[in-house]
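Participant: Please model the complete structure; the sequences and the hints are all you need to start from.
These protein sequence lines are chains A, B and C, in that order. If you read the first sequence in numbering that gives the first Met the number 0, its first letter stands for residue 0, the second for the next number, and so on. If you read the second sequence in numbering that gives the first Met the number 0, its first letter stands for residue 0, the second for the next number, and so on. If you read the third sequence in numbering that gives the first Met the number 0, its first letter stands for residue 0, the second for the next number, and so on.
Hints in this document: simulated from the structure, not taken from any laboratory. Among the hints, a few may not be true.
Said to hold, decoys possible - Derived DSBU-like pairs: lysine-lysine, alpha-carbon spacing no greater than 35 Å straight-line:
1. K2/A / K2/B
2. K2/A / K81/C
3. K159/C / K82/C
4. K82/C / K263/B
5. K2/C / K291/B
6. K2/C / K81/B
7. K2/C / K263/B
8. K2/B / K81/A
9. K263/B / K81/C
10. K82/A / K263/C
11. K291/A / K82/A
12. K2/A / K2/C
13. K245/A / K263/A
14. K82/B / K263/A
15. K159/A / K81/A
16. K2/B / K263/A
17. K159/C / K245/C
18. K81/B / K263/A
19. K157/C / K245/C
20. K2/A / K291/C
21. K263/C / K82/C
22. K291/B / K247/B
23. K2/C / K2/B
24. K247/A / K291/A
25. K291/B / K2/B
26. K263/C / K81/A
27. K2/B / K291/A
28. K81/A / K291/A
29. K263/C / K2/A
Keep in mind it's a predicted model, so treat the numbers as computed, not measured.
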Amino acid sequence: MSKPKILIQFDPDAHASVFDSVVAVDSGVDQLLLQPNVSERDVQGLVHGAMFTRGPEDLRSTALFFGGSNVERTEALVREAKKCFFGPMRVSLMSDPNGCNTTAAAAVLCAQQSIDLADKTITVLGVGPVGQRIVHLVTGPATEGLVRPRIRICSRTKEKAVKLCDELRESIPSEAELIPFQTGSAEETIAAIDGADVVFGAAAAGVELLVDGWMEGERPPAVAVDLNAVPPAGLHGVEVMDRGEKRKSTVCYGAIGVGGFKMKIHRRCIQMLFESNDQILEVEQVYAVGRKLMTD
Amino acid sequence: MSKPKILIQFDPDAHASVFDSVVAVDSGVDQLLLQPNVSERDVQGLVHGAMFTRGPEDLRSTALFFGGSNVERTEALVREAKKCFFGPMRVSLMSDPNGCNTTAAAAVLCAQQSIDLADKTITVLGVGPVGQRIVHLVTGPATEGLVRPRIRICSRTKEKAVKLCDELRESIPSEAELIPFQTGSAEETIAAIDGADVVFGAAAAGVELLVDGWMEGERPPAVAVDLNAVPPAGLHGVEVMDRGEKRKSTVCYGAIGVGGFKMKIHRRCIQMLFESNDQILEVEQVYAVGRKLMTD
Amino acid sequence: MSKPKILIQFDPDAHASVFDSVVAVDSGVDQLLLQPNVSERDVQGLVHGAMFTRGPEDLRSTALFFGGSNVERTEALVREAKKCFFGPMRVSLMSDPNGCNTTAAAAVLCAQQSIDLADKTITVLGVGPVGQRIVHLVTGPATEGLVRPRIRICSRTKEKAVKLCDELRESIPSEAELIPFQTGSAEETIAAIDGADVVFGAAAAGVELLVDGWMEGERPPAVAVDLNAVPPAGLHGVEVMDRGEKRKSTVCYGAIGVGGFKMKIHRRCIQMLFESNDQILEVEQVYAVGRKLMTD
Numbered sequence: 000m001s002k003p004k005i006l007i008q009f010d011p012d013a014h015a016s017v018f019d020s021v022v023a024v025d026s027g028v029d030q031l032l033l034q035p036n037v038s039e040r041d042v043q044g045l046v047h048g049a050m051f052t053r054g055p056e057d058l059r060s061t062a063l064f065f066g067g068s069n070v071e072r073t074e075a076l077v078r079e080a081k082k083c084f085f086g087p088m089r090v091s092l093m094s095d096p097n098g099c100n101t102t103a104a105a106a107v108l109c110a111q112q113s114i115d116l117a118d119k120t121i122t123v124l125g126v127g128p129v130g131q132r133i134v135h136l137v138t139g140p141a142t143e144g145l146v147r148p149r150i151r152i153c154s155r156t157k158e159k160a161v162k163l164c165d166e167l168r169e170s171i172p173s174e175a176e177l178i179p180f181q182t183g184s185a186e187e188t189i190a191a192i193d194g195a196d197v198v199f200g201a202a203a204a205g206v207e208l209l210v211d212g213w214m215e216g217e218r219p220p221a222v223a224v225d226l227n228a229v230p231p232a233g234l235h236g237v238e239v240m241d242r243g244e245k246r247k248s249t250v251c252y253g254a255i256g257v258g259g260f261k262m263k264i265h266r267r268c269i270q271m272l273f274e275s276n277d278q279i280l281e282v283e284q285v286y287a288v289g290r291k292l293m294t295d
Numbered sequence: 000m001s002k003p004k005i006l007i008q009f010d011p012d013a014h015a016s017v018f019d020s021v022v023a024v025d026s027g028v029d030q031l032l033l034q035p036n037v038s039e040r041d042v043q044g045l046v047h048g049a050m051f052t053r054g055p056e057d058l059r060s061t062a063l064f065f066g067g068s069n070v071e072r073t074e075a076l077v078r079e080a081k082k083c084f085f086g087p088m089r090v091s092l093m094s095d096p097n098g099c100n101t102t103a104a105a106a107v108l109c110a111q112q113s114i115d116l117a118d119k120t121i122t123v124l125g126v127g128p129v130g131q132r133i134v135h136l137v138t139g140p141a142t143e144g145l146v147r148p149r150i151r152i153c154s155r156t157k158e159k160a161v162k163l164c165d166e167l168r169e170s171i172p173s174e175a176e177l178i179p180f181q182t183g184s185a186e187e188t189i190a191a192i193d194g195a196d197v198v199f200g201a202a203a204a205g206v207e208l209l210v211d212g213w214m215e216g217e218r219p220p221a222v223a224v225d226l227n228a229v230p231p232a233g234l235h236g237v238e239v240m241d242r243g244e245k246r247k248s249t250v251c252y253g254a255i256g257v258g259g260f261k262m263k264i265h266r267r268c269i270q271m272l273f274e275s276n277d278q279i280l281e282v283e284q285v286y287a288v289g290r291k292l293m294t295d
Numbered sequence: 000m001s002k003p004k005i006l007i008q009f010d011p012d013a014h015a016s017v018f019d020s021v022v023a024v025d026s027g028v029d030q031l032l033l034q035p036n037v038s039e040r041d042v043q044g045l046v047h048g049a050m051f052t053r054g055p056e057d058l059r060s061t062a063l064f065f066g067g068s069n070v071e072r073t074e075a076l077v078r079e080a081k082k083c084f085f086g087p088m089r090v091s092l093m094s095d096p097n098g099c100n101t102t103a104a105a106a107v108l109c110a111q112q113s114i115d116l117a118d119k120t121i122t123v124l125g126v127g128p129v130g131q132r133i134v135h136l137v138t139g140p141a142t143e144g145l146v147r148p149r150i151r152i153c154s155r156t157k158e159k160a161v162k163l164c165d166e167l168r169e170s171i172p173s174e175a176e177l178i179p180f181q182t183g184s185a186e187e188t189i190a191a192i193d194g195a196d197v198v199f200g201a202a203a204a205g206v207e208l209l210v211d212g213w214m215e216g217e218r219p220p221a222v223a224v225d226l227n228a229v230p231p232a233g234l235h236g237v238e239v240m241d242r243g244e245k246r247k248s249t250v251c252y253g254a255i256g257v258g259g260f261k262m263k264i265h266r267r268c269i270q271m272l273f274e275s276n277d278q279i280l281e282v283e284q285v286y287a288v289g290r291k292l293m294t295d
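Facilitator: The following block contains the structure:
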């Protein structure tokens with residue numbers, strides 16, 4: 000008989016994310032141990048407590064989840080946790096601060112339902128944690144590294160767009176083509192999608208990235224994915240519930256349309272944590288889980 | 000099949016109340032998420048996490064409990080939580096900081112077992128959070144707004160009693176009659192119950208409000224409810240276990256006698272939270288739950 | 000039907016020990032309430048919450064566990080908790096900060112599997128919390144107070160060893176013989192085990208207490224128990240997995256060899272907490288639980 004499934008929820012915030020807790024419960028976790036206020040120096044003691052209590056055959060029934068509102072702080076915790084593992088002495092972990100890994104995976108997979116991303120031109124508006132992970136996926140796993148798409152990296156100033164391209168190049172395949180675009184005005188943003196096949200809107204809530212009229216342009220993207228759930232829409236005209244609706248000539252996905260699938264991916268990832276003790280679910284593995292869910 | 004019942008325990012104190020946790024477990028909650036140290040600015044993120052994880056049909060399986068030792072701080076959190084809800088996007092909540100709502104409801108319902116409160120004279124000794132809620136109930140729900148009782152609001156100084164009356168008038172029906180009484184001495188306190196039908200003792204633990212002899216007065220109250228569980232009794236002669244015992248000519252209720260019923264009300268309220276997603280259980284609703292328990 | 004088993008995990012550290020949480024879950028606890036950051040002034044409110052929620056017949060289904068990395072801070076909490084109980088109004092508790100009680104009990108019981116400790120000479124290297132509890136057990140419960148062993152109390156300086164002896168004498172039977180030994184060098188440490196029957200290595204991780212060659216001395220101890228799990232071994236030549244292996248003329252127990260039994264004791268103690276509401280499991284009671292496990 001297997002042991003109760005224990006998930007330890009690490010969170011650098013002062014309060015462990017309720018969102019992450021509820022998803023964990025709904026994924027079949029038996030015991031959730033909330034650990035808010037975690038800093039890097041706390042990680043080793045807590046992870047050792049997870050590693051050194053159950054026998055090797057039961058380690059797969061203990062797992063770690065890393066959430067939090069600040070992606071960088073959470074990722075620092077994940078790095079510390081990985082250092083604790085050695086040989087078979089390890090427990091599975093998932094990282095999804097602010098939902099960025101599950102959201103990026105769901106966004107890319109939704110787009111892929113409508114279009115083959117290989118050899119395409121893709122515009123990413125709002126290149127924060129989610130946008131950066133979208134770039135990572137469409138230059139790697141999502142296109143299987145065969146024919147790489149061209150990615151337009153957009154920011155309010157040219158300098159910032161160039162800087163983002165430079166930073167992103169360090170973590171993506173060297174053949175990937177990243178093109179900086181300044182999108183400080185509505186006109187510049189329209190220009191950034193001109194001739195693109197797919198546009199992802201991944202900026203902060205409340206920012207209208209593409210204003211009315213973009214769908215009527217000469218060469219509007221075939222697919223638009225808007226990740227902003229709070230009105231106004233990030234991409235004007237995309238409805239929050241859209242999940243493949245065609246509007247003018249563009250197939251649209253809205254934040255809740257993508258969000259339902261994101262939740263499925265999140266739950267499936269939590270379940271997988273308990274299938275073996277050696278899983279590390281970060282953006283690529285989360286994407287793979289989502290792709291399997293979509294094809295099954 | 001319904002989802003596991005998740006209760007999120009909000010507490011402004013540094014440690015989530017163990018009392019509230021145990022009652023939650025004994026009320027059938029499946030997963031308790033402790034959130035201590037909550038301040039007003041934390042509420043929105045935590046409540047959104049409760050609202051935006053499960054589908055509309057499952058929202059009734061997530062609920063919020065607000066406890067804590069400082070009634071005002073907790074009520075500020077409740078106000079923030081209510082602001083988060085819109086349309087059908089909401090979860091049920093219960094507020095019971097320091098047990099004040101369940102205690103006031105139980106106290107009034109115990110008194111009502113022995114006497115019809117309509118058109119009666121009621122003395123409230125100790126008008127803190129519990130006492131204020133007793134006033135609220137006996138001027139409203141408990142008398143169904145038909146014939147209002149006269150309430151004697153007692154405090155150590157006349158000034159404070161007048162101030163309390165003024166504050167209470169803002170939240171009770173305008174027809175209610177509140178009469179300030181100074182009860183700085185044993186004699187003044189005896190005078191405050193002279194001719195009253197009911198006396199509630201709701202002051203801080205360890206204060207003997209009514210000294211020996213009050214039961215032998217010319218016109219002692221017909222009913223006395225003492226909410227002080229720690230010796231000495233707040234109302235001399237009322238035993239802590241009393242639940243309707245007649246002593247001299249007064250029917251008595253002691254703190255544990257009332258407390259057993261208070262616990263039943265608390266548990267029933269927690270269960271009700273999971274019957275729909277739109278319940279807000281504050282003092283009036285808690286009283287209604289208790290009345291139903293008493294009449295069933 | 001009995002109520003769900005609630006264990007309240009008190010911890011003075013900023014994060015409740017994951018180790019203690021996992022053991023609790025694996026011991027059959029239904030609801031674990033984590034209370035980190037507990038200071039002495041917090042204890043009463045939390046313990047009252049545990050005592051005053053369930054009826055007398057159900058109090059045995061609520062229990063307290065006190066853990067933490069700093070033994071003295073935890074023991075201060077335990078003292079406060081005990082003060083809250085009166086008459087039948089109490090809940091069971093276990094104290095095991097840093098695992099010191101279960102570790103000391105397991106270490107002594109392992110040694111006893113190989114040798115009768117009565118009238119023997121015992122060397123304790125590293126007299127911190129675990130070492131002190133070993134001294135307590137071998138001068139009391141483990142030898143049933145009949146024939147007391149001679150204990151060599153070792154420290155880097157003579158002054159410190161003398162001071163430790165003085166402190167220990169306050170809490171052990173007056174007939175017990177404690178002999179201070181200075182073990183500032185490898186030679187002094189070898190001298191401290193010369194002619195001893197048993198040696199316990201209970202110093203901080205990473206310190207090699209006995210260097211290569213001690214097993215080849217003229218009068219090596221018959222039994223060696225090394226509680227250091229991190230290489231190098233505290234007692235050179237004892238393997239971490241040893242559980243009664245004979246090396247040269249010494250029967251050896253390593254940290255993991257002892258640790259497996261320590262875990263069994265810990266789990267059994269947690270289960271016992273829920274068999275009645277009046278148990279206080281500290282080092283002596285934990286030892287008694289272990290002895291019963293060993294003989295059953």
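Participant: With reference to the structure, classify each hint as holding or not holding.
Facilitator: For each hint, the structure was consulted:
1. K2/A / K2/B: holds, 22 Å
2. K2/A / K81/C: Given pair K2/A, K81/C holds - Cα atoms ~33 Å apart, limit 35 Å.
3. K159/C / K82/C: Status holds; Cα separation ~33 Å.
4. K82/C / K263/B: With Cα atoms ~29 Å apart, K82/C and K263/B stay inside 35 Å; holds.
5. K2/C / K291/B: holds, 25 Å
6. K2/C / K81/B: holds, 33 Å
7. K2/C / K263/B: Within the cut-off at roughly 15 Å; holds.
8. K2/B / K81/A: Roughly 33 Å separates the two Cα atoms, so the pair holds.
9. K263/B / K81/C: holds, 29 Å
10. K82/A / K263/C: This hinted pair holds, its Cα atoms lying about 29 Å apart.
11. K291/A / K82/A: holds, 29 Å
12. K2/A / K2/C: Holds. K2/A to K2/C sits at ~22 Å (cutoff 35 Å).
13. K245/A / K263/A: holds, 24 Å
14. K82/B / K263/A: Holds - the C-alpha atoms of K263/A and K82/B are around 29 Å apart, at most 35 Å.
15. K159/A / K81/A: holds, 32 Å
16. K2/B / K263/A: holds, 15 Å
17. K159/C / K245/C: Answer holds: K159/C to K245/C is near 33 Å, not above 35 Å.
18. K81/B / K263/A: At roughly 28 Å apart (the allowed maximum being 35 Å), K263/A and K81/B satisfy the hint.
19. K157/C / K245/C: holds, 32 Å
20. K2/A / K291/C: holds, 25 Å
21. K263/C / K82/C: Distance ~29 Å between K263/C and K82/C Cα, so the pair holds.
22. K291/B / K247/B: holds, 31 Å
23. K2/C / K2/B: holds, 22 Å
24. K247/A / K291/A: holds, 31 Å
25. K291/B / K2/B: holds, 27 Å
26. K263/C / K81/A: Distance ~28 Å between K263/C and K81/A Cα, so the pair holds.
27. K2/B / K291/A: holds, 25 Å
28. K81/A / K291/A: Answer holds: K81/A to K291/A is near 25 Å, not above 35 Å.
29. K263/C / K2/A: holds, 15 Å
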